[in-house]
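So the protein lines, in turn, are chains A and B. According to the working numbering, the first sequence holds residues 8 to 313 in order. According to the working numbering, the second sequence holds residues 8 to 313 in order.
Hint data in this document are derived by calculation from the structure and do not stem from the laboratory. Please note: incorrect hints may appear among the correct ones.
No distinction is drawn between identical chains; accordingly, a pair holds when it is met within one copy or between any pair of copies.
[Claimed, not checked] Straight-line Cα separation of at most 20 Å, SDA-like style, residue types lysine to any residue; simulated pairs:
no., residue 1, residue 2
1, Lys307, Arg263
2, Lys307, Asp292
3, Lys307, Tyr297
4, Lys192, Tyr212
5, Lys199, Glu231
6, Lys192, Pro229
7, Lys192, Tyr228
As a plain string of letters, each chain reads:
There are 2 protein chains.
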Amino acid sequence: MTLLVVGSLAFDSVETPFGKRDKVLGGSANFFSVSASLLTKVNLVGVVGEDFPEEQLTYLKSRNVDVAGVDRVAGKTFHWSGKYNFDLNEAHTLDTQLNVFADFKPVLPAGFRKPDHLFLANIDPELQYAVLDQVERPKLVALDTMNYWISGKREALLKVLKRVDLLFVNDAEARQLSGEHNVVKAGAAIRKMGPRTVIIKRGEYGALMLEQGHAFYAPAYPLEDVFDPTGAGDTFAGGVMGSLDRWGGFNPATARQAMVVGGVMASFVVEDFSFDRIRKISLDDVQARYGELRRFTDFKDLPTQE
Amino acid sequence: MTLLVVGSLAFDSVETPFGKRDKVLGGSANFFSVSASLLTKVNLVGVVGEDFPEEQLTYLKSRNVDVAGVDRVAGKTFHWSGKYNFDLNEAHTLDTQLNVFADFKPVLPAGFRKPDHLFLANIDPELQYAVLDQVERPKLVALDTMNYWISGKREALLKVLKRVDLLFVNDAEARQLSGEHNVVKAGAAIRKMGPRTVIIKRGEYGALMLEQGHAFYAPAYPLEDVFDPTGAGDTFAGGVMGSLDRWGGFNPATARQAMVVGGVMASFVVEDFSFDRIRKISLDDVQARYGELRRFTDFKDLPTQE
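In isolation and in its complexed conformation, chain A is listed as follows (with noise of 0.2 Å):
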């Protein structure tokens, strides 16, 4: 199968109580595709400017991801400046570039216009709505979004909403769009807008899965140290696609498994700055972090009543 994302590529300036990183290599798109290309092949669209290194789109190319989608132009790559205190489920940006990203307008390679899965990262929803023009109708599109667009462009984010199939959002998002503060309720508003499935990240809390009848709780890896939160959601977003076009496409089964794959990236990702972790991991890895997941959440059904 194949798995289509566009969004960005661009440098992040972090600092975080544990470190900080002038100009790394960052962007959702560009997350996203290191974390779904340990699983499958990705056509990846996006825009840099003249000072983006080629060594990254060489790096992509080597993991399996096609960067014909990938436009350099003239000017400066978007770039984005952020600080996470203690409470690292929380990003304060401190500075936004958008640079050459400003203008913006993906199109699709003819090579990429029948996607099985399709990612919206989280962009402007009128360029996210030009995509889905742009495509044969995927087995599932789904679409991240932030707070920026929920207020600044509601109408047009509404609008793309009825044409996807799962959302991503954090809590704070879910609340935002739906008006409603009670996350369970939250996803049943957000869910008439369009998505028939909505996932909600939490971050080191773990990740709900919220669907007409049916829930999912995936949990986080407890990890000792998170050195760098960013990139997280698109690298856990990665993992649940990349697993999704794998194994066969969304189902209540795979879908579960997909989420779990999503959270185990998103745990590597944050070890440490930028791709300095997850480049070096392997599908072992990923497995291996899967199985303790699995022993650090299960448990048995009750004795019957004596």
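Position chain B relative to chain A; hints supplied.
Just chain B now, with coordinates in the frame of chain A:
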């Protein structure tokens, strides 16, 4: 087996985003007893004033709670007033009137001095220590505490912790007690203080059990309506300790089951104020939510690598 609890019986005045109740029944040992007594026989030690309703003691007796250790003395009953905002995980204390609780010196009836399981609810650590001096070594000693004692009576708390097997704390208390932000590290640091097992309560995010070389995550039941979190922690502990006492004591399998039962009990108590919901619950209701939680968290092994 026998389960002993020492702690408070109280009046609570509670305000949540969903309503307000003045002077309803509460108190750590009260919530604990109502919860645990669904599972096993409970011996209760506490103190009440002249204003405490005899009907509650009669009700507890009807649930197989032995209230021989509840002293009724001249004066008013302990009265806590608090408020919750939309973040129901955090209580804001508005007022605490200790009243008869200020002079509470627990004295165990002769028949209470050989418990199999002992729960030292959240009271002054010097009183918790004094209780331990009145019992033959139980199979398991569990203790609950709070920020007030961690900062105000740290030495006394550290002294009693040396005699404790199982500590119940929430995230913030674990961090405050250990000086470690990360909960896995916090758990390890706390184990060095005495308890071989630390249970970290995380409200709507479930609970973590941390031991040397072993960790378990118990999911929270995904509720649509949380009315009042007051007593959730003690009700959780009542489910845990009641289960251990009922089903053969602490071992790796029963501890996991007990944690999930605790979470189920807590999910009921928060659905209404005071004991309004949990007093209507049968063991069948507990089994039903337990089964739902198994389905909510179950996932299969990954396919073997192609």
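Structure-based check of each hint:
In this homomeric assembly, Lys307 and Arg263 come within 20 Å of each other (Cα to Cα) both inside a single copy, at 19 Å, and across copies, at 8 Å. Taking the shortest Cα distances, Lys307 and Asp292 sit within 20 Å of each other only across copies (17 Å), while inside one copy they are farther apart (27 Å). In the homo-oligomer, the alpha carbons of Lys307 and Tyr297 lie at most 20 Å apart both inside one protomer (19 Å) and across protomers (10 Å), since each shortest distance falls under that limit. In this assembly of identical chains, the alpha carbons of Lys192 and Tyr212 lie at most 20 Å apart whether taken from the same copy (19 Å) or from different copies (16 Å).
Taking the shortest Cα distances, Lys199 and Glu231 sit within 20 Å of each other only across copies (16 Å), while inside one copy they are farther apart (39 Å). Proximity of Lys192 to Pro229 under the C-alpha cut-off of 20 Å is restricted to the inter-copy arrangement: shortest distance 10 Å between copies versus 27 Å within a copy. Taking identical chains as interchangeable, the C-alpha atoms of Lys192 and Tyr228 lie at most 20 Å apart only when they sit on different chains, with a minimum of 14 Å there against 26 Å within one chain.
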